[in-house]
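Student: Sequence:
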Amino acid sequence: MTDPREQAHHLIDRLPETQLSALVGLLESIVDPVAAALLNAPIDDEPETDDEKQAVAEASDWLARRGGKGIPHEEAMRRLGLE
1 MTDPREQAHH LIDRLPETQL SALVGLLESI VDPVAAALLN APIDDEPETD
51 DEKQAVAEAS DWLARRGGKG IPHEEAMRRL GLE
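With the numbering used here applied, the sequence shown has no gaps in its numbers, which climb one by one up to 83 at the end.
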């Protein structure tokens, strides 16, 4: 048996059910390492600074004055010169 995919399937078939979930987790982290990192990342528990609170309040006010509508993606790209 020289085909790696076939060999992987053969090894998976030999695994006991109790080890399959560990293998699935490993495979998911290989296939999508960013998603795996996000799932395993610690919760951000730093207190919000006064500057951050003020910035969020200003952004919320700005959004409220515009009826909850932000800037369309295309417009933002144009304003940034990234069209």
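Derived by calculation from the structure, the hints in this document are not laboratory data. All C-beta atoms, glycine included, are put in the ideal place defined by N, C-alpha and C. Just to be clear, a hint being listed does not mean it is correct.
As the list claims (entries may be wrong) - Label pairs and their in silico Cβ distance ranges: (1) E6 / L63: 49 to 59 Å; (2) G70 / L26: 38 to 48 Å; (3) E52 / L80: 19 to 29 Å; (4) H10 / I30: 11 to 21 Å; (5) G70 / A35: 31 to 41 Å.
Student: Work down the list of hints and note, for each, if the structure agrees.
Tutor: Cross-check of the supplied hints:
| no. | hint | result |
| --- | --- | --- |
| 1 | E6 / L63: 49 to 59 Å | holds (54 Å) |
| 2 | G70 / L26: 38 to 48 Å | holds (39 Å) |
| 3 | E52 / L80: 19 to 29 Å | holds (23 Å) |
| 4 | H10 / I30: 11 to 21 Å | holds (18 Å) |
| 5 | G70 / A35: 31 to 41 Å | violated (26 Å) |
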